[in-house]
Amino acid sequence: MDEMAIEVEGLVKQFGSFRALDGLDLHVRRGEVHGFLGPNGSGKSTTIRVLLGMLRHDGGTVRLLGGDPWADAVELHRRLAYVPGDVNLWPKLTGGEIIDLLGRLRGDLDEARRGELIDRFELDPTKKARTYSKGNRQKVGLVAALASRTELLVLDEPTSGLDPLMESVFQECIKEAVDEGRTVLLSSHILAEVEALCERVSIIRAGRTVESGTLDDLRRTSHTSVSVRTERDVDVADVDGVRDVRTEHGHLRFEVDNARLPAALDVLTAGGVLSLTCSPPTLEELFLRHYDEPGTAPDGDDLQP
Amino acid sequence: MSGPSHREGAIGLVRANLRRDRIRIGVWIAGITAMVGVSAQSVKALFPTQADLDAAAASSDNPAIVAFQGPPYGLDTVGGQIAFQIGAPGLVLVGLMALLQTGRLTRTEEEAGRLELVRSLPVGRHAPTLAAGVVVGAMCLAVGVLTAGALVVLGLPTAGSVCFGLGYTAVGAVFMAVTLVTAQMSENPRVANGVAGLVLGASFILRAIGDAGDNALSWLSPIGWSQQTRPFADERWWPFLISFGVTAVLFVAATKLEDHRDLGAGLVAPKAGADRAAPRFASPFALALRLQRGSVAAWAGGTAALALVYGGLTSAIESFIDDNPQLEDFFTQSGGDIGDITSSYLATSAQVTALIGSGYVIQSVLRLRSEETRERTEPVLATATSRWRYWLGHLAVAVGGAVAVLVLSGVVLGASAAAVMGDGALLGDGFAAVLAYLPAVLVMAGVPALVVGVVPKFSVAAWAMLMVTFVVSFFGTLLDLPGWVLGISPFDHVAAVPVETLSAASVAGLTAVAAALLGVGAVAYRRRDIPA
Ligand SMILES: Nc1ncnc2c1ncn2[C@@H]1O[C@H](COP(=O)(O)OP(=O)(O)O)[C@@H](O)[C@H]1O
Ligand SMILES: [Mg+2]
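Protein chains in written order, with our numbering: chain D, 1350 to 1654; chain Z, -11 to 520.
Next comes chain D alone, as it looks inside the complex (with noise of 0.2 Å):
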């Protein structure tokens, strides 16, 4: 069996004349979860469409499960369920007729795990689906995936709209997911939730592959914050790889790029250092260190620490 679960090399889509996907990689491995990650616009959606075979590509190279996603669609949903950002289900039906129907047509439903899924997430499965709310077509659409046995969950941002309680059983829905070998691809906004339940990440802008790997890696190779007290004033601004000088609470603190860390702390020992602390930048910090450089202009409302 294949260790990747999923494998695109420089893939390409265009929408006529604009390029959304751009040589963009993506990696992962069986039995784990991948946080995909880009800010509103950057191409999320446009690669799982490419990867459910809805969109042909342009150019690079798709595996999904050891097939093509556009001549194998078929064969290849029967191990996959999929929930879309944005759930949109049929007004007349109730939540419970389209879980089944979902499930009957993937061809897959664990009617136990229905069950005990419909309680989990306190759904009503008896109400028409144009009386639900946002957070409760979520729910349905979360339900339908969930209450399978695929070898590979696609969720493209699947928890958009729902309350906190919600989102904690959503997490202990990915980690028993996970338990049981089943490999997960995680498009989301919310970083807590990344940080909750993902081993590797891969950071997406403008249609292109930023960063990729796990997350401990990524903060290793990325920067550190530093907050200092020093007996005299010192100057780290003149060294390079430090941005984000300021002064907080008789503080100082920057950021530092890891493999500049060793001359900015010369700088703060000729000054006489008084107490140190040294952090690795959280998911957030690594996020928008990519989408804060000119000529990017992420929807920071969408960003929910």
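Among these hints, one or two may not hold up.
[Stated by the list, open to error] Simulated crosslink set (DSSO-like; lysine-lysine; CA at most 30 Å straight-line):
id: 1; chain 1: Z; residue 1: K244; chain 2: D; residue 2: K1441
id: 2; chain 1: D; residue 1: K1524; chain 2: D; residue 2: K1476
id: 3; chain 1: D; residue 1: K1483; chain 2: Z; residue 2: K259
id: 4; chain 1: D; residue 1: K1441; chain 2: Z; residue 2: K259
id: 5; chain 1: D; residue 1: K1476; chain 2: Z; residue 2: K259
id: 6; chain 1: Z; residue 1: K32; chain 2: D; residue 2: K1483
id: 7; chain 1: D; residue 1: K1477; chain 2: Z; residue 2: K32
id: 8; chain 1: Z; residue 1: K445; chain 2: D; residue 2: K1441
id: 9; chain 1: D; residue 1: K1477; chain 2: Z; residue 2: K244
id: 10; chain 1: D; residue 1: K1441; chain 2: D; residue 2: K1476
id: 11; chain 1: D; residue 1: K1524; chain 2: D; residue 2: K1483
id: 12; chain 1: Z; residue 1: K244; chain 2: Z; residue 2: K259
id: 13; chain 1: D; residue 1: K1483; chain 2: D; residue 2: K1441
id: 14; chain 1: Z; residue 1: K244; chain 2: D; residue 2: K1476
id: 15; chain 1: D; residue 1: K1441; chain 2: D; residue 2: K1477
Think of the hints as simulated: they come from the structure by calculation, not from any bench.
Guided by the hints, dock chain Z with the ligands onto chain D, whose structure is given.
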């Protein structure tokens, strides 16, 4: 209650609506004006002398024609002939314009969630309804003024021209108000437009019965109210009071209803349903059927009701012929047979029925596209459902539904004609007359299938096919359209059974065209991006 604050923001909405729909609105107004102008011109050319007019008056004043066109007033004048020849179908077109545009500006907007966005701005509760009323009201007024102007320019009497134009404005206003009310009844825009459409259909039927039987039923019909003003035939103006009075009452009713419901909800609260799906609910066909069965039933029921009325009116034609023996001479002299009137009447009825069946099949195939734009296709295709099976499921419901509509209305038309005439042979005649249109209706299914597959963003263009067929069917001769234009309409290639006999060549030709359209549509749908 509707204080000024509830209307706040209406002007801004009017502007936004006009800007967004300017092309659509312009096409409706220009199209209807041109249709009236060109028809009037060709009626003038058709009857150059009074003798021509008198002859035309004698032959058109019979219930078989009256049932389709309207009451025969002033048929010995050019103006009277124009009003009669354009007749009820012209008024239906104006009603349809008002209905569709109102539905678009109210419920369709609301369902798409755009209204919620608008309402969160400083916009009053009734502002969207008011804005829709203003925009569509202005459209109806423009249609009235421009058609009246066109007729005056063509040299027709001013009073009659104004009366005719005002009749268009009035019928449009009524159906605008009807749709504002139906838009309050359900969350589903299809229901809002569908119920308003049923009212439009009923208006056409009621006046058909009233006009052909010379009785008061026409007075229950908004189309009848406009026709009863008798443009060019000693105009009477008071029926306009009915039209505009009803418009005002319905408009107030719509705002009252709006006070009593929440945004996005209907007045009829949805009930709880099943927590499990039925065992057979497990295929794309089952899904498509479930989504459309209500619509199939409504279209089939509406069409059958129309067929019942037309079949029933056959006796009025018979008794008319008995009362007018000179007509029999007229038909015998022109090489015909008295039975031909009944036959050609059945053929025309069948054509109307098939036109409605085409409306059903187009909207049903376009469901494939609206499911896609509402992002309900993707979750299904992400299961082990092939695109081909998904497409086939939808098309099977569309085509199967169309067959059901035609078979049912064919049986009803034939049976009701046979019953009132006491002639069992008419059952087969009526049935055959309607079923003869099946290949043409398949072409009507092929057009949206092709468009959805090949140029999905322009899917609404498929409705142009129905418009062309409608205009060619009712105004083709009147407009003196060139042969190639007539030929675009699939109906132009259908034999008028029972007057003519079915031609194997045309059946085979239409079926082949339909198969080609469907085939290309299916292949393109399987190959393209979804959603596109
Ligand atoms: N069908 C389409 N036609 C044209 N542009 C599209 C289409 N789908 C997506 N895009 C564009 O591609 C970019 C990536 O979109 P998407 O994949 O939805 O981003 P994300 O899911 O990361 O927010 C966006 O700029 C979006 O506007
Ligand atoms: Mg997205």
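Hints, one by one, checked against the model:
With a CA separation close to 26 Å, the supplied pair K244 (chain Z) and K1441 (chain D) stays within the 30 Å bound. Between the alpha carbons of K1524 (chain D) and K1476 (chain D) the distance comes to roughly 29 Å, so the proposed pair stays at or under 30 Å and holds. Distance hint between K1483 (chain D) and K259 (chain Z) is fulfilled; the C-alpha atoms sit about 19 Å from each other, no more than 30 Å. Note on K1441 (chain D) and K259 (chain Z): the hinted pairing holds, with a Cα-Cα distance of about 10 Å set against a maximum of 30 Å.
For the hint pairing K1476 (chain D) with K259 (chain Z), the CA-to-CA distance comes to about 8 Å; that is within 30 Å, so the pair holds. At roughly 61 Å between alpha-carbon atoms, K32 (chain Z) and K1483 (chain D) are farther apart than 30 Å, so this suggested pair is violated. Using a Cα cut-off of 30 Å, the hinted pair K1477 (chain D) and K32 (chain Z) is violated, with the two alpha carbons roughly 58 Å apart. Distance check on the hinted pair: K445 (chain Z) and K1441 (chain D) sit about 26 Å apart at the alpha-carbon level, within 30 Å; holds.
Our distance criterion of 30 Å between C-alpha atoms is met by K1477 (chain D) and K244 (chain Z), whose separation comes to about 27 Å. Taken as a hint, the K1441 (chain D) and K1476 (chain D) pair is honoured in the structure, with Cα atoms around 9 Å apart against an allowance of 30 Å. A C-alpha spacing of about 24 Å is found between K1524 (chain D) and K1483 (chain D), which places the hinted pair at or below 30 Å, so the restraint holds. A distance of roughly 24 Å separates the Cα atoms of K244 (chain Z) and K259 (chain Z); the hinted pair therefore holds under the 30 Å criterion.
Pair hint K1483 (chain D) plus K1441 (chain D) holds up; C-alpha atoms about 16 Å apart against a cutoff of 30 Å. Annotation: proposed proximity of K244 (chain Z) to K1476 (chain D) holds, straight-line Cα distance about 28 Å (limit 30 Å). Distance hint between K1441 (chain D) and K1477 (chain D) is fulfilled; the C-alpha atoms sit about 6 Å from each other, no more than 30 Å.
Checked against the numbered hints above, the structure breaks hints 6 and 7 and satisfies the rest.
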